[in-house]
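Protein chains in written order, with the numbering used here: chain H, 1 to 324; chain C, 1 to 555.
The set of hints was computed from the structure by calculation and includes no laboratory data.
Since the structure is predicted, the reported quantities are computational estimates derived from the model, not experimental observations.
Beta carbons are placed, not taken as given, at the ideal position from N, Cα and C, and that holds for glycine.
Each hint should be verified, as a subset may be incorrect.
Listed next, the stretches of chain C that the computed footprint assigns to chain H, with coverage defined by at least 3 CB atoms under 8 Å from CB atoms of chain H [to be verified]:
#1 131 to 137
#2 287 to 300
#3 379 to 388
#4 406 to 415
Mimicking BS3-like on lysine-lysine, the simulated pairs with C-alpha atoms at most 27 Å apart in a straight line are [stated by the list, open to error]:
#5 C:Lys-395 <-> H:Lys-140
#6 C:Lys-395 <-> C:Lys-92
#7 C:Lys-238 <-> C:Lys-395
#8 H:Lys-140 <-> C:Lys-373
#9 C:Lys-238 <-> C:Lys-268
#10 C:Lys-311 <-> C:Lys-395
#11 H:Lys-140 <-> C:Lys-551
#12 C:Lys-311 <-> C:Lys-92
#13 C:Lys-92 <-> C:Lys-230
#14 C:Lys-311 <-> C:Lys-230
#15 H:Lys-197 <-> C:Lys-395
#16 H:Lys-230 <-> H:Lys-13
#17 C:Lys-373 <-> C:Lys-230
#18 H:Lys-197 <-> H:Lys-140
#19 H:Lys-197 <-> H:Lys-148
#20 C:Lys-238 <-> H:Lys-123
#21 H:Lys-13 <-> H:Lys-232
#22 H:Lys-6 <-> C:Lys-551
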Amino acid sequence: MAWRLKLVPTHTKIDFFRWQVGTFGASVAAVILSLVLVMTMGLNLGIDFKGGTTIRTESTTPVDVGAMREALAGQDLNDVTITEVTDPSFRADQHVAQIRIGPRDGEEAVTPESIAVLEAALKGVDPAITFPAVESVGPKVSNELMWKAVLSVVAASVGILIYVWMRFEWQFAVGCVAALVHDVVVTVGLFSLLQLKFDLSIVAALLTILGYSVNDTVVIFDRLRENLAKYKTMPLRDMMNLTTNETLSRTIMTATTTFLSLLVLFIFGGDVIRGFVFAMLFGVVIGTYSTLYVAKNIVLFLGVDRGDKPKKSATPDEFSKVDA
Amino acid sequence: MTSAPLWKRILIGLVCLWGLLGSLPNLFYTQVETHNDAVAAISQAGGVGTPEQEAAAGLWPSWLPSSLMSLGLDLRGGAHLLARVELTDVYKARMDSLWPEVRDALRDIRDQVGAVRRAPSPDGVLRVTLTEPAGMSAAIAAVQALSQPVITLTGVGQSTLNITADGNDMVITLSEAEQRATDDRTMQQSLEIIRNRVDEAGTREPTIQRQGEDRILIQVPGIGSASELKGLIGTTAKLTFHPVVRTTTDAGANAGARNLLLPSREQKGLYYIVEETPVVSGDELVDAQPSFDQNNRPAVSFRFDGTGARKFGDYTAANIGAPFAIVLDGEVISAPVIQSHIAGGSGIITGSFTVEDSTELAVLLRAGALPAKMDFLEERTIGPELGADSISAGKTAAVIGLVAVAAYMIASYGMFGTFAVMALAVNLLLIIAILSAIGATLTLPGIAGIVLTMGMAVDANVLIFERVREELRAGLSPGRSLDAGFERAFSAIFDSQITGLLVAVIMFFIGSGTVRGFAVTTSIGIITSMFTAVYVTRLIIELWFGWRRPKTIVV
Chain H
1 MAWRLKLVPT HTKIDFFRWQ VGTFGASVAA VILSLVLVMT MGLNLGIDFK
51 GGTTIRTEST TPVDVGAMRE ALAGQDLNDV TITEVTDPSF RADQHVAQIR
101 IGPRDGEEAV TPESIAVLEA ALKGVDPAIT FPAVESVGPK VSNELMWKAV
151 LSVVAASVGI LIYVWMRFEW QFAVGCVAAL VHDVVVTVGL FSLLQLKFDL
201 SIVAALLTIL GYSVNDTVVI FDRLRENLAK YKTMPLRDMM NLTTNETLSR
251 TIMTATTTFL SLLVLFIFGG DVIRGFVFAM LFGVVIGTYS TLYVAKNIVL
301 FLGVDRGDKP KKSATPDEFS KVDA
Chain C
1 MTSAPLWKRI LIGLVCLWGL LGSLPNLFYT QVETHNDAVA AISQAGGVGT
51 PEQEAAAGLW PSWLPSSLMS LGLDLRGGAH LLARVELTDV YKARMDSLWP
101 EVRDALRDIR DQVGAVRRAP SPDGVLRVTL TEPAGMSAAI AAVQALSQPV
151 ITLTGVGQST LNITADGNDM VITLSEAEQR ATDDRTMQQS LEIIRNRVDE
201 AGTREPTIQR QGEDRILIQV PGIGSASELK GLIGTTAKLT FHPVVRTTTD
251 AGANAGARNL LLPSREQKGL YYIVEETPVV SGDELVDAQP SFDQNNRPAV
301 SFRFDGTGAR KFGDYTAANI GAPFAIVLDG EVISAPVIQS HIAGGSGIIT
351 GSFTVEDSTE LAVLLRAGAL PAKMDFLEER TIGPELGADS ISAGKTAAVI
401 GLVAVAAYMI ASYGMFGTFA VMALAVNLLL IIAILSAIGA TLTLPGIAGI
451 VLTMGMAVDA NVLIFERVRE ELRAGLSPGR SLDAGFERAF SAIFDSQITG
501 LLVAVIMFFI GSGTVRGFAV TTSIGIITSM FTAVYVTRLI IELWFGWRRP
551 KTIVV
């Protein structure tokens, strides 16, 4: 037999419900913790959602954040943050900083005149400085973008709920969407914890996580559906374990290739999209976890209507009767 | 293993070939771009080009596809503006220009309505006070005659004006249908004017789109900054002609109701008080050309359209000896005294212009003034260097990503992994070919989408191969296992990709800018990966199977 790289042995008999209380409990705790974090620490919202201006500066001399801050201090600006940006792809004499300025009261986008004043002040600190990117978003648009972002995540979840419901059973749809909500909330919680910039591209990453996680979950559900028809008497819990073990190799394989390509992007893709890639990188991990430990637990909890089988043994609670 | 019919094989082969040819031009980006520009220039010149153009056109064979992916602002550098058009500005202008007509109409029935005057009112509302309120119905009827039916699909049966009585006052506003029609016209006009001005600056492939009710998105690649772009489109060049009330040197002088205090362009410290309602405005110009006056100083000659010419003629005939002000963007250029009745509607503007001034002014006047003020809600400038850095970072990531995924697939599935990698390569070519063919814009998140697609595209192959392994373990023959693997994995592939596509489509419709670029590449990637992972891989395996006829296989 030819040599093959195998992350998962051919036959596994992992009981995914063995630490049911612990894993599911950890997920619930993570979701609650994330919500608390977002409510108390908030998110480091980018200008897409908060309005304001960002200026990217580039120079051949090292960034002196203190001097820049001093130069901008006299300009009557709302909460200025200056961060130095580093990236392995930068040349040795390439020094980049990102300046973020809060929105001014009663002003939509910043006027070219005030940007010109800022640029002149920064040029006073460092004559070699250039401005490769200047972006400004008014409060009106940022409010709308915020709503659109929330709406898009909700619309995607509802769309998935309906599709999975149509193709499978409603219990599967609920399990799937619970896993998705878990993934999104925990990712947002992580962004709050680390205070990473949260902008429109992160929402795109969240949507991608949704897509990835549902993809993963649906593959297992598809096999579960097949097994439900094949083994009519096996208890649901055992059947889920069988199904998950059968598809485990694929789950890990796909997670690895996706993780691999994202990791490459994270390292070599440049600093502009690093936050975006980071969110997806985390999403692949959490999405795989939720596929294995969240979605199925909910389905097991809700039970599945197996028609020809006495309901008692497969459906541990009264919820199954709702599905008439 | 059952094989697909010949026509199906040929079809799959043709699609792959198309992918190869369609993505090829992007490998020679600058060369093909020069070729495309030259071809466009030659066809515009009526089929004959300069020798340089012919040489540039020869850089790329004409029988090969020549569509390219267009690069987004974040990759090419340029400026992005989102503007909101102040639509109600136009209502005000309409009401202001309606007032003289209303006044004249009511003057004809003075015996019934008494004297009329314009009362203070919010913008976009014309409030007229009658000294004889008894004549209100006659007044309303007289003004009603000025109203016309609105010509739109939805506004059937409505007329342009809404006229109501409010005590001694008559209140006139634009009807709702007319407001909507006006909004549409204002947006069309604004778009047209912005397009003219951006085109006149000679930038390539600008995007100028209406967004929603009152917004315009302007994206111009290659321009230095958003301020430069704003300067280009924001120059209003609003030309109007006003009756002069008096002149003053007091900058804080009280101009009085319905008058404006405007500075002189020539003499510092001199101010003109003029009537707010212009006699004629630049909208009614049909032509403007740089020229010279009788003393051979640079000037701009202009010509009015029919209504403008009549108004201008009537006014000059009635006001010989009185001064009138030529106002450009809120400054009085000059205020000549009317010497005689100017019929025919043409005239000349003099001022202390240089030749450049007069040429530029003529261009601006011809392009027309923006009908309404614009607010800028969002502006972004990306420098070309940052874009170039992003492209090279994206390329590096794509190449390393491809190698990493390929190595991993081959290590995991041996020869079958190699087949999957071949399909993956076809997938990449197809994504690029489709992006080029539909003229989609590639952004940095779009590149990320392509790299991500590489990771996820092999999922379908993984599903198939894992299934084949299971069937082999169950004791099926190699051929039967392969068939069963493809067959049974299909429903999982289909369900999982459809949900992925659903998310990408939602992202496309709700997202904006660069996020859309990501949605486009991922959704194209999902569709092409289903094709390549299922059909192309299967065809490759069939060919291999038919050639080697293996007794046993190891996946």
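Going through the hints against the structure:
no.	hint	result
1	131 to 137	violated (count 0)
2	287 to 300	violated (count 0)
3	379 to 388	holds (count 7)
4	406 to 415	holds (count 6)
5	C:Lys-395 <-> H:Lys-140	violated, 36 Å
6	C:Lys-395 <-> C:Lys-92	violated, 53 Å
7	C:Lys-238 <-> C:Lys-395	violated, 48 Å
8	H:Lys-140 <-> C:Lys-373	holds, 17 Å
9	C:Lys-238 <-> C:Lys-268	holds, 21 Å
10	C:Lys-311 <-> C:Lys-395	violated, 63 Å
11	H:Lys-140 <-> C:Lys-551	violated, 68 Å
12	C:Lys-311 <-> C:Lys-92	holds, 20 Å
13	C:Lys-92 <-> C:Lys-230	holds, 24 Å
14	C:Lys-311 <-> C:Lys-230	violated, 34 Å
15	H:Lys-197 <-> C:Lys-395	holds, 25 Å
16	H:Lys-230 <-> H:Lys-13	holds, 19 Å
17	C:Lys-373 <-> C:Lys-230	holds, 12 Å
18	H:Lys-197 <-> H:Lys-140	holds, 20 Å
19	H:Lys-197 <-> H:Lys-148	holds, 18 Å
20	C:Lys-238 <-> H:Lys-123	violated, 36 Å
21	H:Lys-13 <-> H:Lys-232	holds, 20 Å
22	H:Lys-6 <-> C:Lys-551	holds, 24 Å
Violation of the numbered hints given earlier is confined to hints 1, 2, 5, 6, 7, 10, 11, 14, 20; the remaining hints are satisfied by the structure.
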